Amino acid sequence: MSERPKPKTRHRPPERRLLLVVFLAYALFVLGLAVRSGEILLLTIPFILVLSAAFFYAPAVPNLQIKRSFSEDYVSPGKIITVSILIQNQGESLDEFYIEDRLPPKLEVIEGETFLLTRLPKGDRVEFHYQVRGDRGSYPFEKIHIRCNDALGLVNRQGWVNAVGQIFVKPAVRKLRSIPIRPLNTHLFTGPIPAHRGGSGLNFFEVREYNLGDPLRQINWKITARHDDDLYTNHFELERVADVGIILDARQQTDMTIPLKNDPDNQPLAISLFEHSVLATAALSDLFLRDGHRVGLLVYGRGQHATFPGYGKIQRERILRALAQARTGDNMALESLSYLPTRFFPSRSQIVFISPLSPADPPILTQLLANGYRILIISPDSVSFEAQSLPENFDTLYAFRLARIERTLLIRRLQRFGITVVDWQVDQPLETILRNVLFRAPQEFRKLGIGF
Amino acid sequence: MAQVCIAFATLVLVVQAWLLGQRMEALLIFGVGIVWTLGCLRSLAWLDSLMLVLYTLLVIFSIYMNRPVLPGYFVILSALAAWNFGYLNRRLEYTSDPGIRRQFVYNHLRRSGILFTIAGALAVIGYFIQFQLNLGIAILVGALGIFGLSQLVGFLLKQKE
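Protein chains in written order, with the working numbering: chain X, 26 to 477; chain G, 6 to 166.
No lab work stands behind these hints: they were computed from the structure. Certain hints may be false.
[To be verified] Covered stretches of chain X (chain G as the covering partner; in silico rule of three or more C-beta atoms under 8 angstroms from a C-beta of chain G):
id, region
1, 52-66
2, 138-151
3, 173-184
4, 397-411
[To be verified] SDA-like cross-link-like pairs, simulated, lysine to any residue; straight-line CA separation at most 25 angstroms:
id, chain 1, residue 1, chain 2, residue 2
5, X, K338, X, E133
6, X, K147, G, Y111
7, X, K147, G, T122
8, X, K92, G, Y111
[As the list claims (entries may be wrong)] Computed, partial: chain G to chain X, Cβ under 7 angstroms:
id, residue
9, T61
10, I81
11, L82
12, L85
13, Y99
14, P103
15, H113
16, L120
17, G131
The structure presented is a predicted model; accordingly, all values stated were derived computationally and were not measured. All C-beta atoms, glycine included, are put in the ideal place defined by N, C-alpha and C.
Given the sequences, and given the hints that come with them, work out the whole structure.
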């Protein structure tokens with residue numbers, strides 16, 4: 026048994042059948058009168074009858090209640106969502122009722138159809154479902170198209186019904202191991218950051234005179250033995266949580282999109298460097314929140330979309346929701362980082378800037394550094410990323426080298442000011458790169474052969 | 006069903022032409038019939054409409070050649086039926102539910118059946134009345150026809166809004 030052929034297009038515009046019948050009826054009528062032929066006039070009868078049928082069977086004004094619902098509206102990438110549409114006819118019976126849900130772009134239908142053609146008697150209700158899947162992003166659903174025809178398809182009524190809804194597909198969160206950050210300011214709560222103050226902790230900080238209430242097991246007996254009367258105790262460095270502000274660069278000018286492959290319908294698929302930045306942002310915000318820090322997010326590009334600083338799992342969901350909606354865009358006012366709202370980040374806190382970097386960025390970043398912020402830059406390597414899509418020839422080889430030199434100089438310029446820059450080639454795991462850069466021993470130690 | 010209607014309309018025209026010795030015309034009409042039948046399998050809306058116009062022109066040509074009108078009238082009816090069934094087939098592509106498909110087919114057949122029965126009855130009545138068209142009747146019929154059609158089209162367009 027052969028499968029039912031699918032319509033070539035999901036939505037076919039209504040056929041102009043009425044126009045054709047009217048044209049033929051008029052043409053035969055005029056011709057019959059012009060040549061005074063009763064036989065030709067007789068031929069108009071079938072057409073006039075068809076028009077009369079359209080007159081009698083014309084669909085009534087539809088009175089419908091339409092509701093769209095989702096099985097879930099906030100999901101991980103690749104998860105299948107069932108969309109249900111419920112239609113209730115509160116008006117006259119409809120011989121032929123066609124409804125089509127307009128999908129947001131980039132959402133893929135996995136199962137079912139986004140349209141339904143049915144007969145809808147008075148007071149009846151009908152429901153249909155289809156399943157969709159999408160990559161990271163927000164998918165707003167707006168209007169639903171409806172059309173009512175008579176049985177012969179001559180007269181139709183069509184319109185749009187508002188049924189607003191939205192699906193959020195959050196970015197995948199990769200678990201990272203803790204990375205060292207050293208903001209100048211910390212909070213009161215215990216966390217992983219050494220606070221440069223003595224107290225209870227793990228790392229030795231100082232030796233001081235014993236005070237009443239200090240634990241006896243922390244008394245430093247060697248130093249105490251050298252003194253006659255006083256007791257001395259070890260003091261450890263306090264470890265605290267801090268404020269971390271993550272800035273995701275969503276400027277169109279710093280983004281890069283390369284073709285990935287062609288799908289069977291010959292529609293080119295592309296992958297964007299920004300997607301890697303989003304994944305890094307999700308992983309880092311998850312890491313900092315797990316460590317107990319207060320984390321805020323600023324998506325800087327098309328606008329300035331801020332998620333105010335907060336703690337814990339709720340904040341994590343807030344950030345992931347903001348990342349689901351993050352898109353690159355052009356905004357002339359925000360082409361440079363000059364309008365970065367620094368007040369959004371508490372003073373002397375840690376800023377993590379995730380950006381492929383542009384040549385105009387260093388002055389603003391060094392200004393932030395001068396204002397007391399500690400800056401860590403995670404920079405997806407746009408040069409290597411773009412080189413994947415270019416043909417291998419003499420010209421591209423030299424262009425690649427020049428671009429690489431330019432980028433290296435830009436990074437070195439930032440590093441000279443004391444900004445930590447992680448140059449991330451996106452085909453390698455972020456965790457490996459972070460460990461290579463952030464857990465590396467200082468240069469002086471490396472010269473002496475300590476560390477690596 | 007559409008193919009049956011096309012075959013009937015084509016056969017009538019072919020036989021008419023063949024019996025009057027117009028072999029080339031008969032072959033040409035046969036070819037057109039084959040094209041329409043094959044087009045039906047591809048669900049081409051524009052081909053159905055084009056063929057309806059073409060068959061109407063062929064019937065007008067046969068009347069011009071003084072061939073009997075009643076077969077031509079039934080050719081028009083068959084072409085209209087084929088045009089309607091073509092539309093039904095295209096609609097049925099949108100649904101796989103057997104219940105809904107059955108309802109559509111039933112509804113369509115019922116309404117088409119009523120329509121074409123009335124059309125057939127009117128044809129027979131018109132054939133037996135055999136009235137002579139003079140200028141006065143022509144003007145009267147013309148005025149009434151144009152007014153009626155205009156009203157009908159106006160109403161239908163208003164319905165579409």
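Consistency of the hints with the structure:
1. 52-66: The restraint on the region 52-66 of chain X holds, since 10 of its residues have a Cβ under 8 angstroms from chain G and three suffice.
2. 138-151: holds (count 5)
3. 173-184: holds (count 7)
4. 397-411: n = 0 at 8 angstroms, threshold three: violated.
5. K338(X) x E133(X): It is violated: about 30 angstroms lies between the C-alpha atoms, which goes past 25 angstroms.
6. K147(X) x Y111(G): Given pair K147(X), Y111(G) holds - Cα atoms ~18 angstroms apart, limit 25 angstroms.
7. K147(X) x T122(G): violated (29 angstroms)
8. K92(X) x Y111(G): violated (30 angstroms)
9. T61: T61(G) check passes; min Cβ-Cβ to chain X is 6 angstroms, inside 7 angstroms.
10. I81: holds (5 angstroms)
11. L82: Check passed: Cβ of L82(G) comes within 5 angstroms of chain X, closer than 7 angstroms.
12. L85: Cβ of L85(G) sits 5 angstroms from chain X, so the hint holds.
13. Y99: holds (4 angstroms)
14. P103: violated (11 angstroms)
15. H113: holds (5 angstroms)
16. L120: holds (5 angstroms)
17. G131: holds (5 angstroms)
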